[in-house]
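Based on these hints, arrange chain S on the given structure of chain X.
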Amino acid sequence: MFYRESGDFKTSYEQDSQTFPIKFDRYRYYAVLAIAFLVVPFVINDYWANAILLPFLIYAIAAIGLNILVGYAGQVSLGTGGFMAVGAYACYKFMTMMPEVSMFVHVLLAGGMTAIVCVAFGLPSLRIKGFYLAVATLAAQFFLVWLFNRVPWFYNYSASGQISAPERDVFGILITGPNAPAWATYMFSLIFLTFCALIARNLTRGTLGRSWMAIRDMDIAAEIIGVNPMKAKLTAFGVSGFFIGISGALFFSVYLGAVEVGEAFGITKSFLVLFMVIIGGLGSIFGSFAGAAFLVLLPVVLKVVGVDVLGWPTDIVAHFQLVIVGALIIVFLIMEPHGLAQLWRVAKEKLRLWPFPH
Amino acid sequence: MPDQFLFAVEVFINGLMSGVLYALVALGFVLIYKASGIFNYAQGVMALFAAMTLVGIMDGQVPFSHIINSVFGTNLHHFGWHVPALLAILLTAGVMVLFAWLVQRLVMRHLVGQEPIILFMATIGLAYFLEGVSDLMWGSEIKKLDIGLPQGGSLWIEDMTAGLGGDNFYGFFIDNLDMVATVVAALLVTGLVLFSQYTKQGRAMRAVADDHQAALSVGISLNFIWVLVWSVAGFVALVAGIMWGTKSGVQFSLSLIALKALPVLMLGGFTSIPGAIVGGLIIGVGEKMFEFAIGPMVGGATENWFAYVLALLFLVFRPQGLFGEKIIERV
Numbered sequence: 001m002f003y004r005e006s007g008d009f010k011t012s013y014e015q016d017s018q019t020f021p022i023k024f025d026r027y028r029y030y031a032v033l034a035i036a037f038l039v040v041p042f043v044i045n046d047y048w049a050n051a052i053l054l055p056f057l058i059y060a061i062a063a064i065g066l067n068i069l070v071g072y073a074g075q076v077s078l079g080t081g082g083f084m085a086v087g088a089y090a091c092y093k094f095m096t097m098m099p100e101v102s103m104f105v106h107v108l109l110a111g112g113m114t115a116i117v118c119v120a121f122g123l124p125s126l127r128i129k130g131f132y133l134a135v136a137t138l139a140a141q142f143f144l145v146w147l148f149n150r151v152p153w154f155y156n157y158s159a160s161g162q163i164s165a166p167e168r169d170v171f172g173i174l175i176t177g178p179n180a181p182a183w184a185t186y187m188f189s190l191i192f193l194t195f196c197a198l199i200a201r202n203l204t205r206g207t208l209g210r211s212w213m214a215i216r217d218m219d220i221a222a223e224i225i226g227v228n229p230m231k232a233k234l235t236a237f238g239v240s241g242f243f244i245g246i247s248g249a250l251f252f253s254v255y256l257g258a259v260e261v262g263e264a265f266g267i268t269k270s271f272l273v274l275f276m277v278i279i280g281g282l283g284s285i286f287g288s289f290a291g292a293a294f295l296v297l298l299p300v301v302l303k304v305v306g307v308d309v310l311g312w313p314t315d316i317v318a319h320f321q322l323v324i325v326g327a328l329i330i331v332f333l334i335m336e337p338h339g340l341a342q343l344w345r346v347a348k349e350k351l352r353l354w355p356f357p358h
Numbered sequence: 001m002p003d004q005f006l007f008a009v010e011v012f013i014n015g016l017m018s019g020v021l022y023a024l025v026a027l028g029f030v031l032i033y034k035a036s037g038i039f040n041y042a043q044g045v046m047a048l049f050a051a052m053t054l055v056g057i058m059d060g061q062v063p064f065s066h067i068i069n070s071v072f073g074t075n076l077h078h079f080g081w082h083v084p085a086l087l088a089i090l091l092t093a094g095v096m097v098l099f100a101w102l103v104q105r106l107v108m109r110h111l112v113g114q115e116p117i118i119l120f121m122a123t124i125g126l127a128y129f130l131e132g133v134s135d136l137m138w139g140s141e142i143k144k145l146d147i148g149l150p151q152g153g154s155l156w157i158e159d160m161t162a163g164l165g166g167d168n169f170y171g172f173f174i175d176n177l178d179m180v181a182t183v184v185a186a187l188l189v190t191g192l193v194l195f196s197q198y199t200k201q202g203r204a205m206r207a208v209a210d211d212h213q214a215a216l217s218v219g220i221s222l223n224f225i226w227v228l229v230w231s232v233a234g235f236v237a238l239v240a241g242i243m244w245g246t247k248s249g250v251q252f253s254l255s256l257i258a259l260k261a262l263p264v265l266m267l268g269g270f271t272s273i274p275g276a277i278v279g280g281l282i283i284g285v286g287e288k289m290f291e292f293a294i295g296p297m298v299g300g301a302t303e304n305w306f307a308y309v310l311a312l313l314f315l316v317f318r319p320q321g322l323f324g325e326k327i328i329e330r331v
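Just so you know, the sequences run in chain order X and S. For what it's worth, my numbering labels the leading residue of the first sequence as 1, then goes sequentially. For what it's worth, my numbering labels the leading residue of the second sequence as 1, then goes sequentially.
Isolated chain X (complex conformation):
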């Protein structure tokens, strides 16, 4: 009834190629943005920010980055944790070397740094593909974590081997450190998420995104019709690294504040982000959001139900969480290999015909 394209006439090229061609979609998008920017910051409290909203925003950025690499370009990567660590350590080095520069610049520079590292580790993808590449990216994961653990220059020779974010502000409002207000950290992350999602959405609709998808679907055929595989693969690694680096920088500076590299950016982080992408839906920006939200909320919900309602010991709940996450992944792959995003698409198709389905 509401969700349909009939009567929605396009009279210019700009209108014809806009991101959300259906009016209802467009208004929903504006409404979500308005709530996220104008309502949430005023009602947010510390618990919501730290337990749900901040991890959601930051993981969503990482999931978008990985989705570009795995879902759009078809290059499986298990090195996300290592690349997030690059973002975090680059951000830390920039923050301590240039304290007077704005945090926005630090985070963007950290993203750029990660993009370079990511492209370097993406070079073997020109020769190897599939599982072999997935395992090759594990080299990045283990090597980078080892590097940040062993070379003292990266953690400024601190005695504990940890890095902790010094207090930095943007326009006089504290963003990092323990005294930063919840709404400020939330807004800071939200701005980056919006920025990343916009870029990702538009990149994937354009020439670059189409060349990624061609490489994903069949790289030899793509090469024959004139897609440059080197350019497509390396740009995918670069763009993906940029987003993952931003999320790593935010994860360290805004969310955690202090980081021990093996613990925060280990192999489990790589798998976590990969699961977000799979459960959300490969090759879908909306899916990245849905997957991140799902896997951030799941432990919180399980903890509330298991520990607070049923009164079970926390270790049993933690084990149940493993079982449930594992089972969910298998169920998703069997029932809906295209993830939550596909459910959303099906729902939209249904809505289009509603209430007269025949």
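Among these hints, one or two may not hold up.
Restraint ranges, calculated between C-beta atoms of paired labels, are given here [unchecked claim]:
hint, chain 1, residue 1, chain 2, residue 2, range
1, S, 67, X, 172, 47 to 55 Å
2, S, 86, X, 346, 53 to 61 Å
3, S, 328, X, 263, 39 to 47 Å
4, S, 211, X, 348, 38 to 46 Å
5, X, 351, S, 91, 50 to 58 Å
6, X, 331, S, 224, 19 to 27 Å
7, S, 195, X, 348, 52 to 60 Å
8, S, 70, X, 5, 50 to 58 Å
9, S, 328, X, 45, 58 to 66 Å
10, S, 211, X, 152, 53 to 61 Å
11, S, 74, X, 303, 23 to 31 Å
12, S, 141, X, 223, 47 to 55 Å
13, X, 112, S, 91, 34 to 42 Å
14, S, 74, X, 308, 18 to 26 Å
Below, computed lysine-lysine pairings styled on DSS-like, alpha-carbon distance capped at 27 Å [stated by the list, open to error]:
hint, chain 1, residue 1, chain 2, residue 2
15, S, 326, X, 129
16, X, 350, X, 23
17, X, 231, X, 10
18, X, 23, X, 348
19, X, 231, S, 326
Just so you know, the hints here were simulated from the structure itself, not pulled from any lab data. All residues carry an ideal CB built from backbone N, CA and C; glycine is no exception.
For chain S alone, kept in the frame of chain X given last:
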């Protein structure tokens, strides 16, 4: 002979021994990959699960006792009996067969014809699931596994070789358990080769590995073969679990050896049993020698990443591994 050289030889031999253990894990991967094209990430967790089940059965632990206790308020721990090692191993093998059947029945059957990457993800999900289940079943604390295998350094070899070097050299230190593992691995590989060459089921397994459709058309049951392959892989996981569990205790880190087996596979090629052995030996020796020679200069603990970087560099020159089948791509 100079001591430094003798130390290097000792490191080399120990590297070979640990390489055998890597190869044991890698074998399980190769078996499943050859027969079904599934890259089974859960192999390491299967080893953990098998080892935990073995310990649990031997000690007569009540499965799921933790969760039963917290739901019903009871205080169950042990049945109060001890099962002899051999019987417990047989029972555990039975559990692994049951597990193989369940995996085939509930997961893999529904995923036939999906892309390899989807199957890979499914096994990662399986790994999480199995890890959670084994923790819930047997508890997550570190357990000691002792089925009577010899442990500690071999005094005999130490005495034999003590005369080779100067005063600082006390002879080669070689773990008895590693030697047992080497013998067991050799037996296992021989057994597997004989099985796949000379038995009906083994031939059917190779036929399925060659071509699913052709195998189906001559009347081989794919379902049965896949259950068989997963059972064999479960058995290999049990052997690997016993070896690693005796060496360093049954604990979560056991499942991480699966990650160590990946570079072994990349070196050897995913489809080759000899490749898994040779790859395991190269990685084992390589990482021990690198740690011995270069490690002190760069801060140590290079074992974490050396295998991967070696495999990565190697793959750039030979993308299908040492013994893997040549990848031919067509549009």
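Comparing the hints with the structure gives:
Residue 67 of chain S and residue 172 of chain X have their C-beta atoms about 53 Å apart, which keeps the hinted 47 to 55 Å range intact. Checking the proposed 53 to 61 Å range against residue 86 of chain S and residue 346 of chain X shows it holds: the Cβ atoms sit about 55 Å from each other. The beta-carbon spacing between residue 328 of chain S and residue 263 of chain X, approximately 44 Å, falls within the hinted interval of 39 to 47 Å. Separation of residue 211 of chain S from residue 348 of chain X is about 42 Å and conforms to the stated range, judged on CB atoms against 38 to 46 Å.
At about 55 Å, the beta-carbon gap between residue 351 of chain X and residue 91 of chain S stays in the expected band of 50 to 58 Å. The supplied range of 19 to 27 Å is met by residue 331 of chain X and residue 224 of chain S, whose beta-carbon atoms lie about 25 Å from each other. Roughly 53 Å separates the CB atoms of residue 195 of chain S and residue 348 of chain X, a value that falls within the hinted 52 to 60 Å. Evaluation of the 50 to 58 Å hint for residue 70 of chain S and residue 5 of chain X yields a pass: the beta carbon distance comes to about 55 Å.
The hinted window of 58 to 66 Å between residue 328 of chain S and residue 45 of chain X holds, with their beta carbons roughly 60 Å apart. Take residue 211 of chain S and residue 152 of chain X: their Cβ atoms lie about 56 Å apart, and the range 53 to 61 Å holds. Between residue 74 of chain S and residue 303 of chain X the C-beta distance comes to about 25 Å, which sits within the given range of 23 to 31 Å. In this structure the supplied range 47 to 55 Å holds for residue 141 of chain S paired with residue 223 of chain X, their Cβ-Cβ distance being about 54 Å.
For the pair residue 112 of chain X and residue 91 of chain S, the beta carbons lie near 57 Å from each other, so the given range of 34 to 42 Å is not met. Range check, residue 74 of chain S to residue 308 of chain X: Cβ separation about 23 Å, and the 18 to 26 Å hint holds. Of the supplied pair hints, the one linking residue 326 of chain S and residue 129 of chain X holds, its CA atoms being roughly 13 Å apart against a limit of 27 Å. Restraint check for residue 350 of chain X and residue 23 of chain X: satisfied, since their Cα atoms lie roughly 16 Å apart, inside the 27 Å limit.
For the proposed pair residue 231 of chain X and residue 10 of chain X, the alpha carbon gap of about 35 Å is over 27 Å, so the pair is violated. The suggested pairing of residue 23 of chain X with residue 348 of chain X holds, with an alpha-carbon distance near 13 Å, which does not exceed 27 Å. With a C-alpha separation of about 26 Å, the suggested pair residue 231 of chain X and residue 326 of chain S falls inside the 27 Å cut-off, and the hint holds.
Violated hints for the displayed structure, listed by number in ascending order: 13 and 17.
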